[in-house]
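Asker: Here are the chains, one letter per residue:
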Amino acid sequence: MKRTRSLRTTLTLYAVLSTLVVGGTGFLSQMAAQVFIDDFSTIMHESEPYLRVQERASKLMEELEAYLDTRSHSSLKNYWAVSEELRIGLEELPHPVPTKKSAHLKLDLLSVASAYLKTTEEVLGAKRSRKSEVLASAYARADRILSYIQLLTGEIVQEDYRESSLQRRMYQRQSGYFRVSAFIVLAGVIVLGLLTGYWFSSQLTNPLETMAISAGFMSRGDYGYAITEPSGPRELVVLARAFESMRVSVETHLAQERKQAFIERGFLEQKMENLRIRHLLEQAEYQALQAQINPHFLFNTLHTGIQLAIIEDADQTRLYIENLAAVFKHNLRSLEKPVSFFDEISSIERYIAIMRIRFGDRFTFRLNVPEVLPQFLMPAMILQPLVENAINHGLRDCEEGGVVEIGLVGNLGGLSLWVSDNGVGIPQALVEQLSQHESLGDVLGKNGSTFGRKSNGIGLSNVLERMALFFGGSKNWTILSAPGKGTTIRFTLNLKGAFDV
Amino acid sequence: MKRIVFLVAGITLTFFLLGASLLWKYSYERTKLQGSATASSIKHRVVVLLPESRDHFSTELNRFLWEGAIDLGVALEFRPIPANAGPQDISDAVELATLSRPDGIFLQGYNQVDLRPLIEEAVDTGIIIMTLLTDIPSSKRHSFIGYNSFSHGREVGRFLISNYGYPLTVGLILNRFNPVEPGPMEQGLLAGLAAGLNLGPGKRQVVVEHTFSGTFSGEDRIRSFLQSDNRPQILVCTTARDTIAAAQSILDQNLVGTVSVVGLDSSPEIGDYLDRGIVLASVLRNPKELASLALDAFVEYRSTGRTSDYFDGGFSLWTGGDMP
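From first to last, the protein sequence lines stand for chains A and B. Start counting the first sequence at 8; every next residue gets the next number (my numbering). Start counting the second sequence at 121; every next residue gets the next number (my numbering).
For the record, the hints were derived by calculation from the structure and aren't laboratory data. Model, not experiment: these values are computed from the prediction. Watch out, some of these pointers could steer you wrong.
[Stated by the list, open to error] Below, in silico cross-link-like pairs of lysine-lysine (DSS-like), each with a Cα-Cα straight-line distance of 30 Å or less:
{"no.": "1", "chain 1": "A", "residue 1": "K125", "chain 2": "B", "residue 2": "K163"}
{"no.": "2", "chain 1": "A", "residue 1": "K482", "chain 2": "A", "residue 2": "K344"}
{"no.": "3", "chain 1": "A", "residue 1": "K125", "chain 2": "A", "residue 2": "K66"}
{"no.": "4", "chain 1": "A", "residue 1": "K344", "chain 2": "A", "residue 2": "K278"}
{"no.": "5", "chain 1": "B", "residue 1": "K408", "chain 2": "B", "residue 2": "K163"}
{"no.": "6", "chain 1": "A", "residue 1": "K125", "chain 2": "B", "residue 2": "K408"}
When you get a sec, could you build the whole thing from the sequences and use the hints?
Answerer: See below:
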């Protein structure tokens, strides 16, 4: 698992790093400056105390000579004063560690100057004791030692100068390099400060910016903008994870809601369709009931009539009443249950037989169907209202030569069923109006009127819509009609699921 | 971004370290300028009074003394005595060294000045005196570190006899030679040479010549020696400077093949003359050994209060090849 730092640690780290870099640079510069300043200070003042020793030694010799010449108290006093001064001066001088030539020379000078003091005192003692040989020897020795002091002082100055020259040259060389180096370090620290500042602030702000963009999308309803896990401080990582988790959660929830809504809408549509079908059936049943009489009374009466016709040998009457009873029986069955095409055709044939007795030769009925009827289910009470319409309205004014035809062509993949007549037809405007509407309710009205005419049975609209609903839900019929040229109503039947007879 | 930050940080750190290293280098060089030895390691202080010379042997001797002293905690103060220093100058140098109150003085004996009183005075004040290369006999010096001049002369004599046979005329060039009172080194060298040549009447001749101090006088003396009636076949030189001067004189006077040189010490010039056959051989003293012996003897005396009276640094005969 990727390790992250806390926001506080990150900020502290940045502060510490910056302080260390800047502080380190400052410390280095300060140290370098101090070293160079110390060195220069030492170079400038190193020889001064030794030059003073030489001056005092020379002064001492002068005072000694003055005393030797005059033997005056004042000169002796002066001698002791200078002698004391020289002694104190020597005591105050540091004893350098002999690591370089100048240090050796300074140590030499200290020893030689001490010997000089001692020798001058010997001179003084010899003068007082009036030992002229000792005095001469000591004086000569003091004089030599003074020359040694002068020699050593000269060498010290010379050596200090030589060493300081070397040091100065070294300083100049090193300080040049150091200046360049310090400048580059300074520039680097500035650039580094800017870069690290930008880097650290990016680490802090980038995750927030990403979350802000994602939040913007979410506010517009788009929950698909995923944010990657940032590499910044721990708190921001936790925040980003929580934000992303929330986004995913909301997105999932919404997807489930959408799916649920889609399913519910499907249910509602199905429910609406069922309601419409039920409404149509109820309407058809209501219309059928209007035309019904008490079925028990009717069938008993009709059977009585049949028996009477048999007793009287009136076969045509018996046949008429039998057909009428069969048609009533077919029509009184529940409209909710589909019927086979065979039953529907059988009922139509009995109905035509009745109509033929009523209308005689005014029309001819043609059944243009295959010899072996295809086995499929269809809504009940479809063909009879259409045939009834054709006879009662299409052939209304026809005295003779009228034709009513029921046809069926096609195969089990798709059938074409039609009912036609050669009667008065329907006005063209009304045909076009019918063909352009999916639902016929607006055109035909709810009272079952057909083509502006009153029907005593089930309305054309009810028939057409039940056929459409039963065979797939969409419009599956066409009406071809022209005034004086008859009417053909054709159904295209999608037989999926219509074969369970 | 991260890569750029690291790059800049790396560059900055590099130059930061460069700056720090420059400062350290400065401090180091400053310390070096002040002397290699640290304060805590210095235990003794010694003044070195040797003749000022830029020949290879002297340079090497000083270098080995310096390096050896660091290891032993001895701070050396070189106060070279100029080549043209007179007796008073030499005395003053020794007196000044004594007045400086060091722990020890390394000095070389001089024929022209008697340093024994000064040595006595120095020893009386507790200073350890070591003589190098040339001894000061009968003085209070604590030890002499050099080589056996008798052996030196004898080896040279044997070398000449084995290469030339008899009869042979040999000229000896001595530096600062005092014919009235020859120094111990000269005496030993002469005696050794005589022993090596197996001198006898009528067989061999050894002419002793000497040069004086100074830059050119030695060469003048050698040139006139070569032009004299008793011109030797072999010139035996006892300093590197005389060796080079003799070889150059032979070359100048077109005497190559007629006169040859047996010299002292090594240098690129002597090596060149060796290659050209003008210098037959050169006696090599061992500066490292001499420096080591001198310092060890001093430290031993400082530690125990006694040391050997004489240390022999030895020598070898260089007859050609790479310069040792």
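Asker: Against this structure, judge whether each hint is valid.
Answerer: Evaluated hints:
1. Straight-line distance between C-alpha atoms of A:K125 and B:K163 comes to about 27 Å, which keeps the hinted pair within the 30 Å bound.
2. Proposed proximity of A:K482 and A:K344 is supported: the alpha carbons are some 21 Å apart, at most 30 Å.
3. Taking the CA atoms of A:K125 and A:K66, the gap is near 15 Å; set against the 30 Å cutoff, the hint holds.
4. Of the supplied pair hints, the one linking A:K344 and A:K278 holds, its CA atoms being roughly 19 Å apart against a limit of 30 Å.
5. Simply put, B:K408 and B:K163 have alpha-carbon atoms about 22 Å apart, close enough for the 30 Å limit, and the pair holds.
6. Straight-line distance between C-alpha atoms of A:K125 and B:K408 comes to about 40 Å, which puts the hinted pair past the 30 Å bound.
Consistency note: the structure conflicts with earlier hint 6 alone.
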